[in-house]
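Participant: This note's numbering puts the first residue of the sequence shown at 687, with every later residue one more than the last.
Careful: at least some of the hints might be erroneous.
EDC-like, lysine to aspartate or glutamate: derived pairs with alpha carbons at most 20 Å apart [claimed, not checked]:
| id | residue 1 | residue 2 |
| --- | --- | --- |
| 1 | 824 | 792 |
| 2 | 824 | 914 |
| 3 | 824 | 769 |
| 4 | 847 | 866 |
| 5 | 824 | 866 |
| 6 | 847 | 861 |
| 7 | 847 | 796 |
FYI, nobody ran anything at the bench for these hints, they're computed from the structure.
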Amino acid sequence: MKMRALPIVVLALATLAGCEDEPVRSTDVSTLDMLFSLDASDEGNGATVRVRISSPVGELRLSDGDTLRLSMEGTPLPLREVEEDDRPVYLAEIEGLSGDITFDLERRADRSIIGRVIPVPPPIGLSAEPLMGDAPLKLTWNAAPEGNHVLGLAASGTCIKPLGRTLPNDVGQYEISQAELVPANPAMPGPCPLQVTLTRTATLQEPIAPPATQVGLYAWFVLSRTVEVTWTP
Numbered sequence: 687m688k689m690r691a692l693p694i695v696v697l698a699l700a701t702l703a704g705c706e707d708e709p710v711r712s713t714d715v716s717t718l719d720m721l722f723s724l725d726a727s728d729e730g731n732g733a734t735v736r737v738r739i740s741s742p743v744g745e746l747r748l749s750d751g752d753t754l755r756l757s758m759e760g761t762p763l764p765l766r767e768v769e770e771d772d773r774p775v776y777l778a779e780i781e782g783l784s785g786d787i788t789f790d791l792e793r794r795a796d797r798s799i800i801g802r803v804i805p806v807p808p809p810i811g812l813s814a815e816p817l818m819g820d821a822p823l824k825l826t827w828n829a830a831p832e833g834n835h836v837l838g839l840a841a842s843g844t845c846i847k848p849l850g851r852t853l854p855n856d857v858g859q860y861e862i863s864q865a866e867l868v869p870a871n872p873a874m875p876g877p878c879p880l881q882v883t884l885t886r887t888a889t890l891q892e893p894i895a896p897p898a899t900q901v902g903l904y905a906w907f908v909l910s911r912t913v914e915v916t917w918t919p
């Protein structure tokens with residue numbers, strides 16, 4: 687009897703294994719058991735916002751009237767469901783990240799989340815003065831000294847070795863001396879273009895809503911701007 691039962695058990699386990707990656711209907715999970723992951727990026731030529739919803743029992747797909755809405759400065763974001771890595775993702779493609787995001791999850795049979803504000807780092811308006819003589823490369827941008835984010839600087843070009851660093855303060859100005867622009871080996875003659883990128887990165891991990899105490903919302907933001915200057919080694 688045991689030998690006859692074994693193939694049935696194996697078949698059942700195989701069936702479960704084959705189904706474990708299938709998204710779960712959102713109506714099968716309570717709101718406080720959901721985990722929302724939001725990531726957004728803005729490089730100056732359009733921005734994307736993605737939301738993934740998961741739970742202890744797997745990835746979730748919104749179903750039976752459960753509705754996710756995002757807005758920015760009072761304007762709804764055009765969310766659509768797409769598949770990425772065989773998982774549902776709620777995607778909005780917009781002009782830029784210009785303010786905080788308001789998160790709403792409306793549910794018919796369980797707790798709704800309305801008006802959850804997710805702070806977004808302020809936009810960057812980066813500019814660079816032309817390199818003249820031995821003067822340093824002077825950068826200016828929209829300062830955000832009180833922001834809860836990390837500010838990164840990178841410079842690259844065919845004639846220099848890549849330069850990268852984290853700036854300690856977001857005060858809206860910074861200088862790179864020409865001595866810091868190390869020529870590539872072998873050095874290239876004549877002027878060459880340099881790309882200088884400034885990036886604000888912010889993360890957030892919080893409970894999604896009261897009375898939850900465990901982390902239910904992960905948010906990750908990357909806002910960057912790139913300018914080009916000409917340098918002669």
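Participant: Next, verify each hint and record whether it holds.
Facilitator: Hint-by-hint comparison with the structure:
{"no.": "1", "hint": "824 to 792", "verdict": "violated, 48 Å"}
{"no.": "2", "hint": "824 to 914", "verdict": "holds, 12 Å"}
{"no.": "3", "hint": "824 to 769", "verdict": "violated, 43 Å"}
{"no.": "4", "hint": "847 to 866", "verdict": "holds, 10 Å"}
{"no.": "5", "hint": "824 to 866", "verdict": "holds, 13 Å"}
{"no.": "6", "hint": "847 to 861", "verdict": "holds, 17 Å"}
{"no.": "7", "hint": "847 to 796", "verdict": "violated, 56 Å"}
Figure legend: structure checked against the earlier numbered hints; hints not met, in rising order: 1, 3 and 7.
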